[in-house]
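*Asks:* Single-letter residue listing:
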Amino acid sequence: MDINLIIFSGLAIVMIVAAIFAVTSSKIMRATTNLLFVLFGTAGLYFFLHYTFLGAVQITVYAGGIVVLFIFAVLLIGKGSVDVTQTSLRRYLAGMATALTGMILTIYLIGNTDFASDKFNGEGVAIKELGMALMGTDKYNYILPFEVMSVLLLACTVGAIMIARKK
Amino acid sequence: MNILPVFIIIPIAMLLALWCSRNIRQTRAVMVTGSTLLLILSVYLTIDFIQLRNAGESADMLYTASWSWYEPLNIAFSIGVDGISVAMLLLSSIIVFTGTFASWRLQPMTKEFFLWYTLLSLGVYGFFISTDLFTMFMFYETALIPMYLLIGVWGSGRKEYSAMKLTLMLMGGSAFLLMGILGIYFGSGATTMNIHEIAAMNAIPTNIQYIFFPLTFIGFGVLGALFPFHTWSPDGHACAPTSVSMLHAGVLMKLGGYGCFRIAMYLLPQAANDLAWIFIILTTISVVYGALSAVSQTDLKYINAYSSVSHCGLVLFAILMMTKTACTGAILQMLSHGLMTALFFALIGMIYGRTHTRDIRKMRGLMKIMPFLAVGYVIAGLANLGLPGFSGFVAEMTIFVGAFSVNDTFHRAVTIIACTSIVITAVYILRVVGRILYGEPDNDEFKKLSDATWDEKFTVICLVVCVAALGIAPMWVSDLVGSGVGSILSNI
Amino acid sequence: MSIPAEYMLILSAVLFFIGIFGFFTRRNLVSLLISTELMLNAVDINFAVFNAYCRPESLEGYVFSLFGIGVAAAETAVAIAIIINVYRNFHSIHIKRLRDLKH
Amino acid sequence: MEYSILILALPLLGFLTLALAGNRMSHRAAGITGTLLLLAVTAISYFTAADYFMAGRDMNGVFAETVPYNFKWLPLGEGLSIDMGISLTPISAMMLVVITTVSLMVHIYSLGYMKGERGFQRYYAFLSLFTFSMLGLVVATNIFQMYIFWELVGVSSYLLIGFYYTKPEAIAASKKAFIVTRFADLFFLIGILIYGYYTGTFSFTPSEAALTGAATVLPTALLLMFIGGAGKSAMFPLHIWLPDAMEGPTPVSALIHAATMVVAGVFLVARLFNLFIDYAPETLHIIAYAGAFTALYAAVVACVQTDIKRVLAFSTISQISFMMVALGVCTGSDPHAGGLGYMASMFHLFTHAMFKGLLFLGAGAIIHAVHSNEKCRMGGLRKYMPITHITFLIACLAIAGIPPFSGFFSKDEILAACYEFSLPMGIFMSLIAALTAFYMFRLYYLIFWGKSYYETELARYRAGEIEAEPHKPHEAPLTMTLPLIILAAITCLAGFIPFGEFISSNGEAYTIHLNTKVAVTSIMLALAGIALATAMYIKGESRITVAINRTLRKPIEAAYHRFYMDEAWLFVTKKIIFNCISRPIAWFDRNVIDATFDKLAKITHKCGTFVRPLQDGNVQSYSIFFLSGALLIILILLYLI
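Chains as they are written, first to last, in my numbering: chain F, 1 to 167; chain U, 1 to 492; chain W, 1 to 103; chain V, 1 to 641.
If you're looking for bench data, these hints aren't it; they were derived computationally from the structure. Every residue gets a Cβ at the ideal spot worked out from N, C-alpha and C, and that includes glycine. Accuracy of the hints is not assured; some may be wrong.
With a straight-line cut-off of 27 Å between C-alpha atoms, the simulated DSSO-like cross-links for lysine-lysine are [stated by the list, open to error]:
{"hint": "1", "chain 1": "V", "residue 1": "K167", "chain 2": "V", "residue 2": "K575"}
{"hint": "2", "chain 1": "U", "residue 1": "K159", "chain 2": "V", "residue 2": "K602"}
{"hint": "3", "chain 1": "U", "residue 1": "K324", "chain 2": "V", "residue 2": "K72"}
Distance ranges between label pairs, derived from CB positions [claimed, not checked]:
{"hint": "4", "chain 1": "U", "residue 1": "A468", "chain 2": "V", "residue 2": "N579", "range": "32 to 38 Å"}
{"hint": "5", "chain 1": "V", "residue 1": "P68", "chain 2": "U", "residue 2": "A468", "range": "22 to 28 Å"}
{"hint": "6", "chain 1": "V", "residue 1": "V619", "chain 2": "U", "residue 2": "P108", "range": "43 to 49 Å"}
{"hint": "7", "chain 1": "U", "residue 1": "P371", "chain 2": "V", "residue 2": "C580", "range": "34 to 40 Å"}
{"hint": "8", "chain 1": "V", "residue 1": "N579", "chain 2": "U", "residue 2": "A175", "range": "36 to 42 Å"}
{"hint": "9", "chain 1": "F", "residue 1": "T113", "chain 2": "U", "residue 2": "L182", "range": "40 to 46 Å"}
{"hint": "10", "chain 1": "U", "residue 1": "I278", "chain 2": "V", "residue 2": "G608", "range": "31 to 37 Å"}
{"hint": "11", "chain 1": "U", "residue 1": "I24", "chain 2": "V", "residue 2": "P68", "range": "55 to 61 Å"}
{"hint": "12", "chain 1": "V", "residue 1": "A558", "chain 2": "U", "residue 2": "D359", "range": "37 to 43 Å"}
{"hint": "13", "chain 1": "U", "residue 1": "P371", "chain 2": "V", "residue 2": "A489", "range": "39 to 45 Å"}
{"hint": "14", "chain 1": "V", "residue 1": "G608", "chain 2": "U", "residue 2": "W19", "range": "32 to 38 Å"}
Work out the full structure: start from the sequences and follow the hints.
*Replies:* Here it is in C-alpha cells:
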C-alpha cells in the first residue's frame with residue numbers, strides 16, 4: 001500500500017470528522033477550532049498536489065486570517081456564541097436527507113464519470129510562472145481579475161469597518 | 001375613412017382629458033362631451049350602416065380594416081361591424097351617456113371614478129368593434145378589470161367581498177375563455193386570429209370542438225349570468241354604485257351573450273349543434289330559477305339582479321335555439337334588457353340615494369313622496385314584465401315564436417317552461433311596486449325626501465324614451481340585426 | 001504513485017455536503033458562516049484538483065482557488081462585521097429573531 | 001274607411017296628453033278633454049259601424065271583413081310576422097259601438113263621481129288608455145295583435161283597479177287581477193305559438209290548406225286560447241280576481257268589469273268561432289260545460305253577498321258564462337241548425353253591456369250617496385234617489401229576463417240555443433236564469449226597500465243615542481244621472497234591435513223569432529224568482545229569510561266565502577309557490593350555489609395558507625427546497641439519459 005494513500009486517508013478522515021464536528025457542535029468556539037482542522041487539511045491536500053504556494057496561502061489567509069476573525073467575532077459576541085436552540089427535528093431530517101442524497105448522487109456521478117484525469121505530473125507550479133500569469137496581460141493571464149480582487153478586498157475592508165463601526 | 005377606430009380614440013381622449021381635469025366641473029364637461037360624441041357617433045354609424053345595407057352592401061361585415069400588431073402570433077387589430085355590433089354599440093353609447101348623468105353627483109373621487117368608468121367603456125367599445133380573437137379578448141379583460149375598483153371603492157354594503165367575488169368569477173370565466181380561444185386558434189390551424197377567416201376555413205376537428213365549445217360558452221356564459229355561474233350577479237349589482245350597475249347589467253352582461261353567439265357558436269358550429277341541449281337546459285333553468293328567486297328577495301337590487309339572471313338567461317336560451325327569429329329575438333332582448341335594467345338600476349340608485357335603504361319592507365308609499373321616480377319605476381316595471389309598447393314584449397315574443405318553431409318536443413317543452421317566466425316576472429315586479437310605491441307613506445323621515453333632480457330626470461326620460469321607441473318601432477332594429485344574425489347562422 | 005483524482009473529488013464532495021447540512025440545520029449566524037466556509041473550501045479543492053489532474057499545463061484552477069480564498073476572506077470579513085452589528089442591535093445572532101427585513 | 005284609424009288614434013292621443021300634461025291641467029279641463037275626445041271616438045265608431053253595415057252584404061250574402069289598415073309591424077322570419085291594423089267584422093263593429101257607448105257613459109259619469117278626487121287627470125288618462133286598448137283588441141286583424149292589446153287591456157285595468165293606490169285592498173286587488181289574467185295569458189300565448197307555427201300565420205282566417213295541415217293541433221291550440229279568454233272573462237276557477245277588482249272606482253267597474261274587458265274572452269271565442277266549429281267542436285262543448293258550471297257557481301255566490309258591488313261582480317261572472325255557454329252549445333255554423341248560440345251570445349253581450357253598465361253606475365250613485373258598499377247601510381233609498389231607483393229597477397228587470405227589456409230577448413235566445421243543444425243544459429240554464437232574477441231582486445229590495453238605515457240612524461240621533469247626525473242620502477248630480485237615463489233607455493229599446501240581421505254565426509241574415517215555449521218558461525221562472533225575492537226581502541229580512549238563513553247556515557256561510565276559492569288560490573300561491581318553491585330556491589341559490597363558489601374561494605385561500613410557509617423568508621428553508629429541487633431535476637435527467 002502506497003504511503004501517499006495512507007497519509008491521504010488519514011488526512012481525509014481527520015478532515016471529515018473535523019467538518020462534522022464543525023457543523024454539529026453547539027459551541028461555536030469548538031466549531032471554529034474544528035474548522036481550523038479542516039482548513040489545515042485542505043492545505044495538506046494542496047501540498048499533495050504540489051501546489052505549495054496555494055497551500056501556503058490557504059494556511060495564511062484561511063487558517064491564519066479568517067479563523068482569527070471568527071475567533072474575534074465569537075469573543076465579541078460572547079454569550080450569543082452558544083447555539084442554544086437546536087433546529088426542529090423535521091428540518092434536521094430534511095437537511096440530513098437532502099445532504100445525504102446530494103452526497104450519494106455526487107459520489108455516484110464522480111465514480112461514473114471519466115474525467116480524463118491522468119495527466120498529473122507532480123510538478124506543481126513555479127512561483128515565477130504564477131507571478132507572470134497573475135500580472136500578465138496576455139491570453140490566460142489574470143491582471144484584470146487580480147486588480148478586481150484587490151478592489152474587492154479594499155471595498156470589503158472599508159465596508160466591514162463601516163458596518164462594524166459604532167454609531 | 002373608417003370611423004370605427006374613433007370609438008376607441010374618443011374614450012382614450014377622454015381618459016387623457018380626465019387625467020388633466022382639475023375640478024369636478026371640468027370632469028363633468030369632459031364626460032358629457034365625450035359621451036355625447038360617442039352617442040352621436042353611434043347614431044351616425046347606425047344610420048350609415050342601414051343606408052349601406054339598403055344600397056346593397058351585402059358583405060357580412062362592413063367598415064372592415066386590419067392592422068397587424070404582433071406578427072409572430074398573427075395578432076391583428078382587425079375591426080368591422082355587422083348589424084349586431086352596430087346595435088350593441090348604440091346600446092353601449094346610450095348607457096354610457098345616461099350613466100354619466102346618473103353619476104352626476106357621485107362623491108368622492110369623481111375624477112377617478114370617471115377614469116375607470118371610461119376605461120370600462122373603452123373595453124366595451126373595443127370588444128364590439130373587434131373581429132380578432134385576441135384583440136377581442138384583450139378588450140374583454142379591459143372591460144372587466146375596472147369593475148373591481150368601481151365596485152370595491154365606490155360601492156356600498158359588502159363591497160370588497162362583492163367586488164372580489166365578481167372579479168374572481170369573471171376572471172375564472174376569462175380563463176375558460178382564453179383556453180377556448182387558444183383551442184380555436186390552434187385547433188383550426190389558422191394563420192390568423194380573425195374570426196371570419198377562421199369561420200370561413202371551418203377546419204376545427206369535431207373532437208376538438210367538443211372540448212372547446214363548452215369552455216368558450218361557459219367563459220362567456222359566466223358574464224351572461226348562465227346558471228350556475230350567476231352568483232356574482234346579485235352581490236355585484238347590489239354593491240355597485242348606480243351607473244356601474246347600469247353599465248354592468250346594461251352592457252357588460254351583453255358581452256357574454258354576444259361572445260357566445262359570435263365566437264362560441266359561430267366558430268365551433270358542430271359542437272354547438274350537438275351540445276346545445278346541455279346549455280339549453282341550463283339556460284332554461286336560469287330563466288325560471290332567476291325569476292323564482294327574485295320573487296322572495298327583499299332587497300331591490302337583488303330582485304333586479306335575479307331578474308337580470310332570468311332575462312339574460314333568455315338571451316342565451318334564444319341564441320341556442322339557432323333559428324333566425326330566436327336569435328334576432330336574443331339580440332333584441334339584449335338591447336331591451338340593457339335599456340330596461342339600466343333604467344331600473346338608475347331608479348333604484350336614485351331611490352336608495354334618498355331613503356338609504358333598499359329593503360322593500362321598510363319603504364312604503366313612495367308614489368306620494370317622489371312621484372317622478374315612482375312613475376318611472378312603474379314604467380320600468382311594466383316594461384320589464386313585457387308590456388306591449390315597450391321593448392321587453394317585442395324581444396320576448398320574438399324569442400318565443402322563434403324558439404317554438406324548432407320542431408321537436410324537447411325544444412317545445414323548454415320553450416313553454418321559459419314562457420312561464422313572464423308570469424313570474426309579473427309577480428315579482430308587481431310585488432315590489434305594490435310594496436314600496438303604493439300605500440300610505442309610514443316613515444316620517446321619508447316624507448321629507450325630495451323628488452328627482454334635473455340630471456336624474458334626464459337619465460330616466462332618456463332611457464324610457466329608448467325603451468318605448470324600441471317597443472313601438474321594433475322593425476328597424478329587427479332588420480338591422482337580422483342580416484348579421486343570418487350570416488352567422490348560415491355558418492352553424 | 002499518486003492518489004487518484006476521484007478520491008480527492010469524493011473528499012471534497014463529502015466536505016461540501018457536510019457544509020450544506022450545516023447550513024440547513026444550524027440556527028446561529030456564525031455557524032452558518034462556518035458551514036459556508038466549508039463549502040467554499042470544498043469548491044477550492046475541486047478547482048485545484050481538476051487543474052492538477054486534467055490540465056496541469058495551465059493555471060485556471062489554481063488561480064481560481066487563489067481568488068476563491070481571497071473572496072472568502074473578504075466575504076467573511078464583511079459577514080462577521082454584519083454579525084457583530086446585528087448582535088449589537090438584537091443582542092442575539094439567532095436567525096429566528098432576525099425577521100425585521102422579511103416584511 | 002280610412003278615418004277608422006281615428007278610433008285608435010284619438011284615445012291614444014288622449015292618454016298621452018293627459019298622462020304627460022295632465023298635471024298642468026285643472027281637473028275640469030282634463031275631464032272635459034278626455035270626455036270630448038271620447039265623444040268624438042264614439043261618434044266615429046257609430047259612423048264606422050253604420051258605414052260598415054250600410055255597405056251591405058257581398059255576393060255570398062254576408063258582411064265581408066274589411067281591413068282599412070294593415071301593416072307589418074314586426075317580421076318574425078319564416079313567413080310569420082306580427083301585423084298591426086284595423087279589421088272590421090260584424091262583431092267588431094258591434095263591439096266598437098258597445099265599448100265606446102259604455103266608455104262614453106263612464107267618462108261623463110266620472111265627471112261627477114270622481115269630482116275632487118286626487119289624481120283626477122290620471123284617472124282620465126287611464127280611462128283613455130283602457131279604451132284605446134280595448135278598441136285595439138276588437139279591431140285586431142290577427143291573433144297576435146289581439147294578444148298585444150289584450151295585454152294592454154290587462155295593464156290598464158291593473159292601473160285602474162289600483163287607482164286608489166294608497167288603499168291596501170286596492171293594491172292587492174289590482175295585483176291579483178293582473179297576475180291571474182297574466183297566468184291565463186300564458187296559456188293564450190302558448191296557444192298562439194302553436195297556432196302560429198302550424199298554420200304559418202297569425203291571421204284569424206288562415207288558408208284551407210294551412211288549416212288542414214294543422215287540424216290535429218288546432219283543438220289544443222284553441223283550448224289554450226280559450227283558457228286565456230277564461231282568465232279575462234273570469235271563468236271558474238280563474239274568476240277570483242273579478243270580485244276583488246271591485247276595489248277600483250265604481251265607474252271603472254262599470255267599464256271594465258261589466259261591459260268591456262270581461263267580455264274579451266267571449267269576443268275571442270266568437271272571433272275564432274269558425275275555427276272552433278270546423279276543427280274543434282269538442283273544445284266548444286268543454287267551453288259550454290265550463291261556462292255552465294261557472295254560471296251556477298257565480299249565481300249561488302251572488303245570492304248571499306252583502307257588498308252590492310260584489311253581488312254585481314258575481315252576477316257579471318254568471319252572465320258572461322251565459323255568453324260562453326251560448327257559444328259553447330253551438331254545433332254548426334248555420335244559425336238555423338246549431339248556430340243560434342253565436343248570435344245569442346253576441347246579442348247578450350250587447351244588451352248585458354248596457355244593463356250591467358247601468359247597474360254598476362247605479363250602484364256607484366248609491367255608494368256615492370251612502371258612502372258604503374254594504375247593504376246594511378242602505379235600505380229604503382227609493383224615496384231619496386228616484387232616478388237611480390227607476391233606472392236600477394229597469395236594469396234588474398232586464399237582467400232577470402222580463403219583457404220588454406233587452407235582457408229578455410237575448411237571454412231567451414241563449415236558452416233556446418241551450419235547449420237545442422240538450423234538454424238538461426236548457427233546464428240547467430233556465431234555473432240559473434231564475435236564480436239570477438232572485439239575487440238581482442234581492443239586491444234591489446235590500447237597497448231600495450225595507451227599513452231605511454238613514455231613518456233609523458236619524459231616529460237614534462234624535463233620541464241622543466249617537467253623536468253625529470247621519471248623512472242624508474241624496475240624488476246624484478246630472479252628470480251621473482244622465483248616463484243612467486241614457487243606458488236605461490237603451491236597455492228598454494235594445495231588445496227590439498233586429499240583431500240577427502247584423503250578426504249571425506255564418507254571417508247570413510237571421511230573423512230572430514221567439515220560441516214561445518222557452519220564452520214562457522223563462523218568464524215564469526224569472527217571475528217566480530222575483531216573487532221569492534219579494535217575499536223574502538221586501539220588508540227587510542222577513543221571518544222566512546231568517547229561518548232559511550238559520551237552517552242553511554253552513555252552505556250560506558260557504559257561499560258567502562265564495563266556497564273558499566280565494567283561500568284555495570291563496571294557499572297555492574302563497575304556501576306552495578312562494579314558501580315551497582321560491583323561498584327554497586332563493587335559499588338554494590345563496591346557500592348552495594353561491595356557497596359552492598365561496599367555498600371554492602375559501603379552498604383556494606386555504607391552499608394559499610398551506611403553501612405560505614414555503615415562502616416564510618427563511619433562507620434555510622429556501623435552500624433546502626432549492627437543493628431538493630435541483631437534485632430532483634438531476635435525478636430525472638439521469639433517469640432520462
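*Asks:* Each hint: holds or not?
*Replies:* Here is what the structure says about each hint:
1. Restraint check: the Cα-Cα separation between K167(V) and K575(V) comes to about 24 Å, which is no more than 27 Å; the hinted pair holds.
2. About 18 Å separates the Cα atoms of K159(U) and K602(V), which keeps this hinted pair within 27 Å; it holds.
3. A threshold of 27 Å between alpha carbons decides the hint, and for K324(U) with K72(V) the separation of about 18 Å falls inside it, so the pair holds.
4. For A468(U) and N579(V), the hinted distance range of 32 to 38 Å is satisfied, since their beta carbons lie about 37 Å from each other.
5. The hinted window of 22 to 28 Å between P68(V) and A468(U) holds, with their beta carbons roughly 26 Å apart.
6. In this structure the supplied range 43 to 49 Å holds for V619(V) paired with P108(U), their Cβ-Cβ distance being about 45 Å.
7. Between P371(U) and C580(V) the C-beta distance comes to about 38 Å, which sits within the given range of 34 to 40 Å.
8. Between N579(V) and A175(U) the beta carbon distance is about 39 Å. The supplied range of 36 to 42 Å therefore holds.
9. A hinted range of 40 to 46 Å for the beta carbons of T113(F) and L182(U) is consistent with their spacing of about 43 Å.
10. Distance hint check for I278(U) and G608(V): the Cβ-Cβ separation is about 33 Å, which falls inside the suggested range of 31 to 37 Å.
11. Judged by the Cβ atoms, the range 55 to 61 Å given for I24(U) and P68(V) holds: they are separated by roughly 57 Å.
12. Range check, A558(V) to D359(U): Cβ separation about 40 Å, and the 37 to 43 Å hint holds.
13. In this structure the supplied range 39 to 45 Å holds for P371(U) paired with A489(V), their Cβ-Cβ distance being about 42 Å.
14. Roughly 35 Å separates the CB atoms of G608(V) and W19(U), a value that falls within the hinted 32 to 38 Å.
Against the hints set out earlier in the document, no violation occurs for any number.
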